[in-house]
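**Q** Protein chains in written order, with this note's numbering: chain A, 1 to 89; chain B, 90 to 242.
Please keep in mind that the hints were generated in silico from the structure rather than gathered at the bench. Ideal placement from N, C-alpha and C gives every residue a C-beta, glycine not left out. Careful, some of the hints might be misleading.
[Unchecked claim] Chain B regions said to be covered by chain A (calculated; three or more residues, Cβ under 8 angstroms):
#, region
1, 123-136
2, 193-203
3, 212-224
[Claimed, not checked] Chain A side only, calculated, beta carbon under 7 angstroms to chain B, not exhaustive:
#, residue
4, 7
5, 8
6, 16
7, 18
8, 67
9, 81
10, 83
11, 84
12, 88
[As the list claims (entries may be wrong)] DSS-like, lysine-lysine: derived pairs with alpha carbons at most 25 angstroms apart:
#, chain 1, residue 1, chain 2, residue 2
13, B, 211, B, 143
14, A, 70, A, 86
15, A, 86, A, 45
16, B, 143, B, 159
17, A, 26, B, 221
18, B, 204, B, 221
19, A, 70, A, 26
20, A, 86, B, 159
21, A, 44, B, 211
The residues making up each chain are set out below.
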Amino acid sequence: MDTQVESCLVASGNTYNPSLIVLRQKGYELWLEEGENGSLWFAKKGGQSFLAYSGPELLGLVALWEHLGKNWNQQKPDVLSELTDKMAE
Amino acid sequence: MTAAARGLSADAAKMSNYVFRGDDNYRDGPLGRAFGAQADGADIQNFADHVLRKESNLSSRYTSFTEEVKVARRFTSASDNRHVRKADAAALRGLEAQGVLRIWDPDLVYAALKKGPRNLAKQAADIRAAMKRNSEILIEGQVPAGTLGATDE
């Protein structure tokens, strides 16, 4: 039996507000709009805005933009297919 | 008795055979706060604060479970299920019928919030979505120790 002890942060409800705290500290303007299946979560700084469906997702998009900028839409290597193929059924 | 007769939603009736809770700090004994003074004395008294704002040092009248053991394990520091407990769903429904506890699935939580004050109703959809992502079930009241077992899945 694998007894290695590790830590895991789960995207549960109580990660929403901490994600917003980080985004606000990073200088993003934040707001919510009502959507069909929950709030639409917006962030904006300078000329760039972001739309997501949860706080952690919004923070993830900002991280993507801050890491890759306008070249964010990179599809090679196809990590998604690689992981899908490896996923246990 | 049918689910509807017990006042349960269709989703609650479809609940998996077991619900799971990952908790590094649980050792033994009952889980959660019994209806009455115990539950009423908890720091957190509403669904919104429990699902969206609960810090680990705060107590709540609700206890979170999940229908997926893989999700429960991720709330522990172990890479196996040593800190995951499971509760038999049929036993929980029986306790609910006796008034010992109440089972809240995401749709029941949503419906209850929608009927409440406006500030909580506005959060209902996000709370339901957050719960559904982790297959989360809330138990209000106390789960007796005898209903909880080790998880060997």
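**Q** State for each hint whether it applies.
**A** Consistency of the hints with the structure:
1. Counting residues of the region 123-136 of chain B whose beta carbon lies closer than 8 angstroms to any beta carbon of chain A gives 0, which falls below the threshold of three, so the coverage claim is violated.
2. Note: the region 193-203 of chain B has 0 residues with beta-carbon separation from chain A under 8 angstroms; the three-residue rule is not met and the coverage is violated.
3. Coverage of the region 212-224 of chain B by chain A holds. Counting CB-CB distances below 8 angstroms, 9 residues qualify, and the rule asks for three or more.
4. The closest approach between the C-beta of residue 7(A) and any C-beta of chain B is roughly 6 angstroms, which is under the 7 angstroms cut-off, so the hint is satisfied.
5. Given hint, residue 8(A) at the interface with chain B, holds; its Cβ is 4 angstroms from that chain's nearest Cβ, closer than 7 angstroms.
6. Checking residue 16(A) against chain B by beta carbon gives a least distance of about 6 angstroms; that is within 7 angstroms, so the hint holds.
7. Interface restraint check: residue 18(A) against chain B, minimum CB-CB distance 10 angstroms, threshold 7 angstroms, status violated.
8. Interface hint status for residue 67(A): violated, as the beta-carbon distance to the closest one in chain B is roughly 24 angstroms, over 7 angstroms.
9. Annotation: interface hint on residue 81(A) violated; nearest CB of chain B at approximately 22 angstroms, more than 7 angstroms.
10. For residue 83(A), the suggested interface contact is broken, since its CB lies about 16 angstroms from the closest CB of chain B, more than 7 angstroms.
11. Residue-level restraint check for residue 84(A) is violated (minimum Cβ-Cβ distance to chain B is 17 angstroms; threshold 7 angstroms).
12. Here the hint on residue 88(A) is broken, as its CB sits about 10 angstroms from the closest CB of chain B, past 7 angstroms.
13. With a CA separation close to 18 angstroms, the supplied pair residue 211(B) and residue 143(B) stays within the 25 angstroms bound.
14. Between residue 70(A) and residue 86(A) the CA atoms are separated by roughly 30 angstroms; this puts the pair beyond 25 angstroms, and the hint is violated.
15. The hinted pair formed by residue 86(A) and residue 45(A) fails the criterion: a straight-line CA distance of about 38 angstroms is larger than 25 angstroms.
16. Note on residue 143(B) and residue 159(B): the hinted pairing holds, with a Cα-Cα distance of about 21 angstroms set against a maximum of 25 angstroms.
17. For the proposed pair residue 26(A) and residue 221(B), the alpha carbon gap of about 29 angstroms is over 25 angstroms, so the pair is violated.
18. Between the alpha carbons of residue 204(B) and residue 221(B) the distance comes to roughly 20 angstroms, so the proposed pair stays at or under 25 angstroms and holds.
19. For a cut-off of 25 angstroms, the pair hint linking residue 70(A) to residue 26(A) stands: about 19 angstroms separates their Cα positions.
20. Taking the CA atoms of residue 86(A) and residue 159(B), the gap is about 17 angstroms. The hint holds against a cut of 25 angstroms.
21. Pair hint residue 44(A) plus residue 211(B) holds up; C-alpha atoms about 23 angstroms apart against a cutoff of 25 angstroms.
Of the numbered hints listed earlier, those contradicted by the structure are 1, 2, 7, 8, 9, 10, 11, 12, 14, 15, 17.
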